[in-house]
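With chain F's structure known, arrange chain L on it following the hints.
Number of protein chains: 2
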Amino acid sequence: MYRTKNCGELRIADVEKNVTLSGWVQRARKMGGMTFVDLRDRYGVTQLVFSEDSNADLCEKASKLGREYVIQVSGTVRERQSKNANIPTGDIEIAAETLNVLNESKTPPFTIDNNTDGGDELRMKYRYLDLRRECVRKNLELRHKMTMEVRRYLDAQGFIEVETPMLIASTPEGARDFVVPSRMNPGQFYALPQSPQLFKQLLMVSGFDRYFQIVKCFRDEDLRADRQPEFTQIDCEMSFVEQEDVITLFEGMAKHLFKTIRNVELTEKFPRITWHDAMKYYGSDKPDTRFDMKFVELMDIMKGHGFGVFDSATYIGGICAKGAASYTRKQLDALTDFVRRPQIGAKGMVYARVESDGNVKSSVDKFYTQETLQQMKNAFAAEPGDLILILSGDDAMKTRKQLCELRLEVAEQLGMRDKNKFSCLWVVDFPLFEYSEEEGRYMAMHHPFTSPKPEDVPLLDGSDIGKVRANAYDMVINGVEVGGGSIRIFDSSLQNKMFRLLGFTPEQAQQQFGWLLDAFKYGAPPHGGLAYGLDRWVSLFAGLDSIRDCIAFPKNNSGRDTMIDAPSKLEPSQLEELNIALDIKENKIIS
Amino acid sequence: MYRTKNCGELRIADVEKNVTLSGWVQRARKMGGMTFVDLRDRYGVTQLVFSEDSNADLCEKASKLGREYVIQVSGTVRERQSKNANIPTGDIEIAAETLNVLNESKTPPFTIDNNTDGGDELRMKYRYLDLRRECVRKNLELRHKMTMEVRRYLDAQGFIEVETPMLIASTPEGARDFVVPSRMNPGQFYALPQSPQLFKQLLMVSGFDRYFQIVKCFRDEDLRADRQPEFTQIDCEMSFVEQEDVITLFEGMAKHLFKTIRNVELTEKFPRITWHDAMKYYGSDKPDTRFDMKFVELMDIMKGHGFGVFDSATYIGGICAKGAASYTRKQLDALTDFVRRPQIGAKGMVYARVESDGNVKSSVDKFYTQETLQQMKNAFAAEPGDLILILSGDDAMKTRKQLCELRLEVAEQLGMRDKNKFSCLWVVDFPLFEYSEEEGRYMAMHHPFTSPKPEDVPLLDGSDIGKVRANAYDMVINGVEVGGGSIRIFDSSLQNKMFRLLGFTPEQAQQQFGWLLDAFKYGAPPHGGLAYGLDRWVSLFAGLDSIRDCIAFPKNNSGRDTMIDAPSKLEPSQLEELNIALDIKENKIIS
Numbered sequence: 067m068y069r070t071k072n073c074g075e076l077r078i079a080d081v082e083k084n085v086t087l088s089g090w091v092q093r094a095r096k097m098g099g100m101t102f103v104d105l106r107d108r109y110g111v112t113q114l115v116f117s118e119d120s121n122a123d124l125c126e127k128a129s130k131l132g133r134e135y136v137i138q139v140s141g142t143v144r145e146r147q148s149k150n151a152n153i154p155t156g157d158i159e160i161a162a163e164t165l166n167v168l169n170e171s172k173t174p175p176f177t178i179d180n181n182t183d184g185g186d187e188l189r190m191k192y193r194y195l196d197l198r199r200e201c202v203r204k205n206l207e208l209r210h211k212m213t214m215e216v217r218r219y220l221d222a223q224g225f226i227e228v229e230t231p232m233l234i235a236s237t238p239e240g241a242r243d244f245v246v247p248s249r250m251n252p253g254q255f256y257a258l259p260q261s262p263q264l265f266k267q268l269l270m271v272s273g274f275d276r277y278f279q280i281v282k283c284f285r286d287e288d289l290r291a292d293r294q295p296e297f298t299q300i301d302c303e304m305s306f307v308e309q310e311d312v313i314t315l316f317e318g319m320a321k322h323l324f325k326t327i328r329n330v331e332l333t334e335k336f337p338r339i340t341w342h343d344a345m346k347y348y349g350s351d352k353p354d355t356r357f358d359m360k361f362v363e364l365m366d367i368m369k370g371h372g373f374g375v376f377d378s379a380t381y382i383g384g385i386c387a388k389g390a391a392s393y394t395r396k397q398l399d400a401l402t403d404f405v406r407r408p409q410i411g412a413k414g415m416v417y418a419r420v421e422s423d424g425n426v427k428s429s430v431d432k433f434y435t436q437e438t439l440q441q442m443k444n445a446f447a448a449e450p451g452d453l454i455l456i457l458s459g460d461d462a463m464k465t466r467k468q469l470c471e472l473r474l475e476v477a478e479q480l481g482m483r484d485k486n487k488f489s490c491l492w493v494v495d496f497p498l499f500e501y502s503e504e505e506g507r508y509m510a511m512h513h514p515f516t517s518p519k520p521e522d523v524p525l526l527d528g529s530d531i532g533k534v535r536a537n538a539y540d541m542v543i544n545g546v547e548v549g550g551g552s553i554r555i556f557d558s559s560l561q562n563k564m565f566r567l568l569g570f571t572p573e574q575a576q577q578q579f580g581w582l583l584d585a586f587k588y589g590a591p592p593h594g595g596l597a598y599g600l601d602r603w604v605s606l607f608a609g610l611d612s613i614r615d616c617i618a619f620p621k622n623n624s625g626r627d628t629m630i631d632a633p634s635k636l637e638p639s640q641l642e643e644l645n646i647a648l649d650i651k652e653n654k655i656i657s
Numbered sequence: 067m068y069r070t071k072n073c074g075e076l077r078i079a080d081v082e083k084n085v086t087l088s089g090w091v092q093r094a095r096k097m098g099g100m101t102f103v104d105l106r107d108r109y110g111v112t113q114l115v116f117s118e119d120s121n122a123d124l125c126e127k128a129s130k131l132g133r134e135y136v137i138q139v140s141g142t143v144r145e146r147q148s149k150n151a152n153i154p155t156g157d158i159e160i161a162a163e164t165l166n167v168l169n170e171s172k173t174p175p176f177t178i179d180n181n182t183d184g185g186d187e188l189r190m191k192y193r194y195l196d197l198r199r200e201c202v203r204k205n206l207e208l209r210h211k212m213t214m215e216v217r218r219y220l221d222a223q224g225f226i227e228v229e230t231p232m233l234i235a236s237t238p239e240g241a242r243d244f245v246v247p248s249r250m251n252p253g254q255f256y257a258l259p260q261s262p263q264l265f266k267q268l269l270m271v272s273g274f275d276r277y278f279q280i281v282k283c284f285r286d287e288d289l290r291a292d293r294q295p296e297f298t299q300i301d302c303e304m305s306f307v308e309q310e311d312v313i314t315l316f317e318g319m320a321k322h323l324f325k326t327i328r329n330v331e332l333t334e335k336f337p338r339i340t341w342h343d344a345m346k347y348y349g350s351d352k353p354d355t356r357f358d359m360k361f362v363e364l365m366d367i368m369k370g371h372g373f374g375v376f377d378s379a380t381y382i383g384g385i386c387a388k389g390a391a392s393y394t395r396k397q398l399d400a401l402t403d404f405v406r407r408p409q410i411g412a413k414g415m416v417y418a419r420v421e422s423d424g425n426v427k428s429s430v431d432k433f434y435t436q437e438t439l440q441q442m443k444n445a446f447a448a449e450p451g452d453l454i455l456i457l458s459g460d461d462a463m464k465t466r467k468q469l470c471e472l473r474l475e476v477a478e479q480l481g482m483r484d485k486n487k488f489s490c491l492w493v494v495d496f497p498l499f500e501y502s503e504e505e506g507r508y509m510a511m512h513h514p515f516t517s518p519k520p521e522d523v524p525l526l527d528g529s530d531i532g533k534v535r536a537n538a539y540d541m542v543i544n545g546v547e548v549g550g551g552s553i554r555i556f557d558s559s560l561q562n563k564m565f566r567l568l569g570f571t572p573e574q575a576q577q578q579f580g581w582l583l584d585a586f587k588y589g590a591p592p593h594g595g596l597a598y599g600l601d602r603w604v605s606l607f608a609g610l611d612s613i614r615d616c617i618a619f620p621k622n623n624s625g626r627d628t629m630i631d632a633p634s635k636l637e638p639s640q641l642e643e644l645n646i647a648l649d650i651k652e653n654k655i656i657s
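Sequence order for the protein chains is F and L.
If you want the working numbering, it's the position in the first sequence, counting the first as 1, plus 66.
If you want the working numbering, it's the position in the second sequence, counting the first as 1, plus 66.
Chain F with its partners taken away, still in its complex shape (with noise of 0.2 angstroms):
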């Protein structure tokens, strides 16, 4: 037996217990006639002590331990002498009799602790050791926490976990898919799914009633900081249910969560907002509602004043930020060069302080009288020390974009965002359709399965199809998308008007999804569902700035996993037996 004991559970009730313990260097130290070992696991560190008065030769191996050894420890538990209060087995020491090297380690290339000196790309080549780092480990511990806990409420309200395939057929519509040759099918493939969308309204057709999965998805897309090739969703559906019913039970879910994991109880109804009203307050649909701070609309007062910039804009809007009129010069500036990046892409930024006397004093003042600016500030309700900030352009959606990121960047100069506040919200009645300049069409939204709002369908035949919303619904929590979801069409007639709408010929909508379509044709039940996104819920819980950190093993942004070098090579035979040949453009081997 390696241990009796683990390096976290040991209490000053334990004292005089013989333990064997098991585990890694975290340091040894030699002062005086002592050695002094952290031994650390999972479960925490306790301290060992070596003395040479009792066994000269065992302090001496001790003194010699490297960082990262695995050793066996077996020894008596005794009082400290100075109680280390920052471990809760800081109360009690081991006074060491037996000592055997179970392994030995090279130097690790960063220190292992939570504040590392390792950077990014080592640890992640060395994501081994940087998983023993107390930080990562408990990240991790979270996402179990967290599964744990999703399965017991899904359970509970008689959820299925079901398994849906992971070798399915490609679809051309939506995100690119990652392909698998089939060696028994020659010239065909698999496709890794995006999401189960069709297998769980399958399920939903074969009368499951709840399904549940948690499962890995995967897309091949240019990565960014918070998307992975392959990342995990909690996959909902329901029957005969509305809008209403899923909402309230996934609501549910979430309050189960803060009070399970966080111990946060939140008892109110989590307020909802039109996507309509997202975008026009907030400038996206997926808002930051820790902090207020809603757009105001100016065109009514500031237009027509003789500032060209506004004079020719089709959309001017601001935001209000509290008590930020000590804004130096610099700061501002800094926040017009910000607007100004290409990511963002405003041409710039007017600014107006309210004084302590309730004038206004702004960056356009040539323009203005001061009873349009007080008209201006009576818009925001702004008060004596408050900074106005207003952006325009001639494309409202892109102005608000703009003004979103704005938005987003003052409330974290002012430290609004703080990551253990939680502001849940759902965002409702999207629209259907969006336009796609693009592809020169209207495609859908979410999918083509989500169901219109039952009073919108007359729309559906009119000449402005852009106007008709969907029963579908996000939830937002901190200005992130946890999750979302829809009410399905499960009509036929419906659905094929939906293809027809989104420049389907019946004959591609048949090729495309023509087994869900001969499905829905056996009886398919009323149904809906939504989906969260498991990295996101625990980097959010975690409060983490990138789903990187609560995954176990993830990959940098050229989809590469450094640690174990793939993707790779494949010997000549495997492609033979797959019948595929490479065939590289020359462009992309210089690139």
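For the record, the hints were derived by calculation from the structure and aren't laboratory data.
Fair warning: there could be bad hints in the mix.
One copy or two, it doesn't matter: identical chains are merged, so the pair holds either way.
[Unchecked claim] Straight line, CA to CA, 30 angstroms or less: simulated DSS-like cross-link-like pairs of lysine-lysine:
1. 587 with 191
2. 563 with 127
3. 519 with 172
4. 335 with 71
Chain L alone, transformed into the frame defined by chain F:
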């Protein structure tokens, strides 16, 4: 709201309540002035009654409902005149007051009933309808319950579920990988994991101490009845453990599953048998021990009496089928045909009946005295009425495997393989290596990281490494290997020796497993683990003959999903983006 109750929950205590139900029409029948409809959902079946007297139109409408129509009905619960004791809702019915057809259904291609008329192929093509059958859905409900219990048990034991990546690197050793071309890394491929083996070992290096994962694994093998290209493992690993620790913990899990799922209390320790004995007595490393019928070797007794077949054999062995002396000549001929089938490959079978007077009457009487036959009888401890069946051959291992098939077949015929009886055991002391005729070298019987038994380590330097036993163990229930695992090598020099013995050059070992070997240099703890096959566990508990029936959407023997028609062809643009081209050999197109 589509329903206030489901179709399985109403009881006599609910009489007089007004309820709304939704579900599928199992059948509708007109009798006298009434229409009776059996309404089905996941939770059960409830009888609806429409009466001409109270609403003739509604009654008429109900009588026209087709099978599998989706309807919503409101009405009053009342006590049935003629109760149905076979279903939990059999005491009541709903006097229907409204009827809303939510969706129509085409006539299903087979009856949605436990005793369906649909053949395998048809049911797979319409799997979403097959899943409506209670007997199929129950298997998936069982699967859900089992995974919940597995997680409860392991969580309570301090295990953390960690998701390991699905897009990893291909390793030539082992079975064939499914691969995924990387668009972002032209010419390179990911592989889908055959198991998370290396990652779970890394997690032990990371100090996770106790890891598990219920995880999809992939193997591109030619398929058999109990193989699927994707399958699910309960994958576990522990640090600072010896074989006994792992066996104890996972025997505990098996007992927990038997108790919570099958309500079977297993109090005894599971028996253990060495691999050597399992081969000797059962000709299999996964013996079915629901019945005894151990092999008895007969070389000493039966060789050298002039019966050429036995005289030239290097193995003669048999089984004693209790009370089967009444087998007719026809039955015995059928058994002989059975062992002669090419899949089994025996040349013939000798039989001997023990008659009521104790005399033995055999098919080779002319070569043996009654005295010799009595010796043989005694070797089996056979009694009057018993039947002895004997095989022989020039390869002991092959003949034992033939005898194993015979043993299972006879037991099947004698009704000894009751699916509601469970016999669990551990097979231990597997050989570390097995000689591959094909490769002309020793191969790892499990994988190259399996630890030899410490007492056998010196044998690694000897001439017969085939004798080295591994710290490896399989759990076998009713002849099914439900799981297996081993203690791993955590010492670099021992690992290097293993690679050398397996014919790897240091460069090859480094190329294929370098990242794991590197990780092991930074303080690897002693560790070991086990993986259970979830599909097999569920099949066993559900009493199924194939794992297919406990998988929601399985693939057929060509690796195809006939419902969604996967795999399928890609668009040329997809191939181009992935930097691959089809390269199908002509003979493959034809075949």
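Comparing the hints with the structure gives:
Taking CA atoms no more than 30 angstroms apart as the test, residue 587 paired with residue 191 passes between copies only; the shortest distance there is 14 angstroms, against 52 angstroms inside one copy. Taking identical chains as interchangeable, the C-alpha atoms of residue 563 and residue 127 lie at most 30 angstroms apart only when they sit on different chains, with a minimum of 28 angstroms there against 79 angstroms within one chain. In this assembly of identical chains, the alpha carbons of residue 519 and residue 172 lie at most 30 angstroms apart only when taken from different copies (27 angstroms versus 63 angstroms within one copy). In this homomeric assembly, residue 335 and residue 71 come within 30 angstroms of each other (Cα to Cα) only across copies, at 25 angstroms, whereas the closest approach inside a single copy is 46 angstroms.
Comparing the model with each earlier hint shows no violations; every hint is respected.
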